[in-house]
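Same order as they appear, the protein sequences are chains A and B.
Read left to right, the first sequence gives residues 1 to 218 (the working numbering).
Read left to right, the second sequence gives residues 219 to 470 (the working numbering).
Note that these hints are calculated values from the structure, not bench results.
We treat Cβ as the ideally placed atom computed from N, Cα and C, and that holds for glycine.
A few of these clues could be false.
[Claimed, not checked] Beyond 10 Å from chain B on every Cβ pair, some chain A residues (computed):
hint, residue
1, Trp81
2, Gly118
3, Val137
4, Thr204
[What the hints assert, rightly or not] To give an idea of the chain B side of the interface with chain A (calculated C-beta under 10 Å), a few residues:
hint, residue
5, Gly307
6, Ser312
7, Ser369
8, Ala381
[What the hints assert, rightly or not] Below are the EDC-like pairs computed for lysine to aspartate or glutamate, each with C-alpha atoms no more than 16 Å apart in a straight line:
hint, chain 1, residue 1, chain 2, residue 2
9, B, Lys230, B, Glu283
10, A, Lys136, B, Glu323
11, B, Lys302, A, Glu121
12, B, Lys230, B, Glu275
13, B, Lys238, B, Glu271
14, A, Lys130, B, Glu335
15, B, Lys301, B, Asp239
16, B, Lys238, B, Glu283
17, A, Lys40, A, Glu106
18, A, Lys136, B, Glu334
19, A, Lys136, A, Glu153
20, A, Lys130, B, Glu275
21, A, Lys136, B, Glu335
22, B, Lys281, B, Asp239
23, B, Lys225, B, Asp274
24, B, Lys225, B, Glu283
25, B, Lys238, B, Asp220
26, A, Lys130, B, Glu296
27, B, Lys354, B, Glu405
28, A, Lys130, B, Glu298
29, A, Lys18, A, Glu106
30, B, Lys301, B, Glu335
31, A, Lys144, A, Glu211
32, B, Lys302, B, Asp340
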Amino acid sequence: MFLDVTLTLLGGFLGTIKLFILTLVFALPLGLLISFGSMKHFAPLRYPVKFIIWIIRGTPLMLQLLIIYYGPGIILHQNIWGSGDGGRFIAALVAFVINYACYFSEIYRGGIQSIPIGQYEAGQVLGLTKGQIFRKVILLQVIKRIVPPISNEIITLVKDTSLARVIAVYEIIWEGQSFIKSAGIIWPLFYTGLFYLVFSGLLTLLFGYIERRLSYFR
Amino acid sequence: MDILEVKNIRKKFDRTEVLKDISFTMQEGQAVSIIGSSGSGKTTLLRCLNFLEMPDEGVIRVKDETLFDSAAPGSRSEAEIRKKRLHFGLVFQSFNLFPQYTAIENVMLAPQMMNEEGHRRDSGEVRRHAQELLEKMGLQNRMDNYPHQLSGGQQQRVAIARALALQPDILCFDEPTSALDPELTGEVLRVIRELAEQKTTMIIVTHEMSFARDVADHVIFMDGGVIAEQGTPQEVFDHPREERTRQFLSRF
C-alpha cells in the first residue's frame, strides 16, 4: 500500500513540478518586461500596464484560472486550449504565468527603483552606455535586493500550484485525496504535505546559498 | 589658450531659474574653486558641465571644441553626449562607488568598457594604470577591498582615482568632503592639493574656505544663480568688492 501511494503521489508531484518550473521559466522574464512597462515615462504604455497589474494582483488566482480556462469556450464558442489533460494544463500554465509575472514585475520594479540615482550618474559621467550601466552596475545590485522577496514568491508558487485542480489539472493533492474515496485512508494527504515541505525546504537552502554568495558587497 | 569657456549659461527647473547667465573661462593647469551658499547654483553648474543636466541656454567650449550651444543645437544622441562627457570627470559628494566591485575594479571598469567598444588598450595596461592611480591616492594596500570595507575618506580617494582613469581634460569636484567626518576630510583635501600641484585642471565646488583659498588659482563666488564675484583668492577673500561676498565670508 505504501509503495502504491508513494508512486501515485510521485506521479502527481511530477505534474506539480512541471507546472512550477514552466511557470518560472516564462514568468521570470515576462515579469521583467512588465516592470519596464510599468516604469516607462510614456503614460499611454505605463497606465495600461499598471491597470493589468492591478487586476491580476487584485483578484484571486483561482478566479483567474476559471476565467482563463472556461472564458474562451463560453465567450468565443471555441475551446482554444485543446482537449483533454494537455489543454487544461496549458490553460493553467497561462494563468500562473500571467499571475506570477505581475507579482515578479512589482518586485523587480521595487528593486530597480531602490538603486540610488547616484549609481546611474556615476556610470554616466564615466561615459558608460545605458546598456553598460544596467548590465555592469545596476543588475547585480538589483538581484541582491530582490532575492529575498522573489524567494518568498517562489515558495508561495510551490503551494499555489495546487489551485490548478479547480480546472482538473492533476497534481499531488488531487492524487492524495483520491485515496480517501478509493481506500478510505487519510494519511496520503499528510504524505503530500511532506512532499511540499521537502521541496520548499530545498528551495530555502538554495536561496540561502544565493544570498550568501551575494553577501560580499553591500 | 582657454581650456574651458562657459558663456551665458541659463538653467531653469520648472519656474525656478537656478543659473542666470553664467560666464567664465579657465586655463589649462588651473584650479578654480566655486564657493557660495547652498542653493546658489554651484552644483547645478557642475552638473551642466558634465551633461547630467542640459542647460537651457548658453555655450560650453572645451579646447575650442563647442560641446554645447543652445543657438545651434546639434545632435543630442546618447552617443554624442557620452563623447562630450569624457572631457570632464566628476567626483560626487556621496562618492557613488559601485558596491559590487573592489577599489581597483571600480577604477578599471570604464576603461575596460572603452576597450570593449574597440578603443583597444591592453588589459594589463588598464590594470597598471589603475594601480598607479590608487598608489597615488595612497591606497596601495586597499586595492582589493570592497567599498563597504573602506572609510569615507578612502572611498572618496577611490572615486578620485576612478574619475582620473579616463584622463579627463577637466576634473570636477562636487563638495568632495561634505559627506565626510571632520577627521577624514584632511586625507581627501591633501590628495586634491597634490593634484593641483601637478597642474591638474580642476573645478572644485567646496565649503572649505581655507582650502579653496590655498589650492585655487581662481575663485568664483556664486550667489542666487549668478557669479557675484570672481578673481584671485587674494582678491576675493582679502579684498572682496561686493557686499554679498563680504557677508558670505563673514560667516566663516
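Right, here's what the structure says about each hint:
1. Trp81: At about 44 Å from chain B, tryptophan 81 of chain A clears the 10 Å cut-off, so the statement holds.
2. Gly118: At roughly 4 Å from the nearest Cβ of chain B, glycine 118 of chain A sits no farther out than 10 Å, so the non-interface label is violated.
3. Val137: violated, 5 Å
4. Thr204: holds, 24 Å
5. Gly307: At 7 Å from the nearest chain A Cβ, glycine 307 of chain B passes the 10 Å test, so the hint holds.
6. Ser312: Hint holds; serine 312 of chain B Cβ to chain A Cβ min 6 Å, cut 10 Å.
7. Ser369: violated, 14 Å
8. Ala381: holds, 8 Å
9. B:Lys230 x B:Glu283: violated, 25 Å
10. A:Lys136 x B:Glu323: Roughly 11 Å between the alpha carbons, so the hint for lysine 136 of chain A and glutamate 323 of chain B holds.
11. B:Lys302 x A:Glu121: holds, 15 Å
12. B:Lys230 x B:Glu275: Distance ~10 Å between lysine 230 of chain B and glutamate 275 of chain B Cα, so the pair holds.
13. B:Lys238 x B:Glu271: Holds: lysine 238 of chain B and glutamate 271 of chain B sit about 15 Å apart, inside 16 Å.
14. A:Lys130 x B:Glu335: The hint holds at about 14 Å.
15. B:Lys301 x B:Asp239: Distance of about 25 Å is beyond 16 Å: violated.
16. B:Lys238 x B:Glu283: violated, 23 Å
17. A:Lys40 x A:Glu106: holds, 14 Å
18. A:Lys136 x B:Glu334: It holds: about 13 Å lies between the C-alpha atoms, which stays within 16 Å.
19. A:Lys136 x A:Glu153: violated, 26 Å
20. A:Lys130 x B:Glu275: Roughly 26 Å between the alpha carbons, so the hint for lysine 130 of chain A and glutamate 275 of chain B is violated.
21. A:Lys136 x B:Glu335: Measuring from Cα to Cα gives roughly 14 Å; hence the hint holds.
22. B:Lys281 x B:Asp239: violated, 21 Å
23. B:Lys225 x B:Asp274: holds, 12 Å
24. B:Lys225 x B:Glu283: Status holds; Cα separation ~13 Å.
25. B:Lys238 x B:Asp220: violated, 22 Å
26. A:Lys130 x B:Glu296: holds, 8 Å
27. B:Lys354 x B:Glu405: With a Cα-Cα distance of about 12 Å, the restraint between lysine 354 of chain B and glutamate 405 of chain B holds, given a limit of 16 Å.
28. A:Lys130 x B:Glu298: Judged against 16 Å, a Cα distance of about 13 Å means the pair holds.
29. A:Lys18 x A:Glu106: violated, 25 Å
30. B:Lys301 x B:Glu335: holds, 13 Å
31. A:Lys144 x A:Glu211: holds, 7 Å
32. B:Lys302 x B:Asp340: The hint is violated at about 24 Å.
The structure shown violates the earlier hints numbered 2, 3, 7, 9, 15, 16, 19, 20, 22, 25, 29 and 32.
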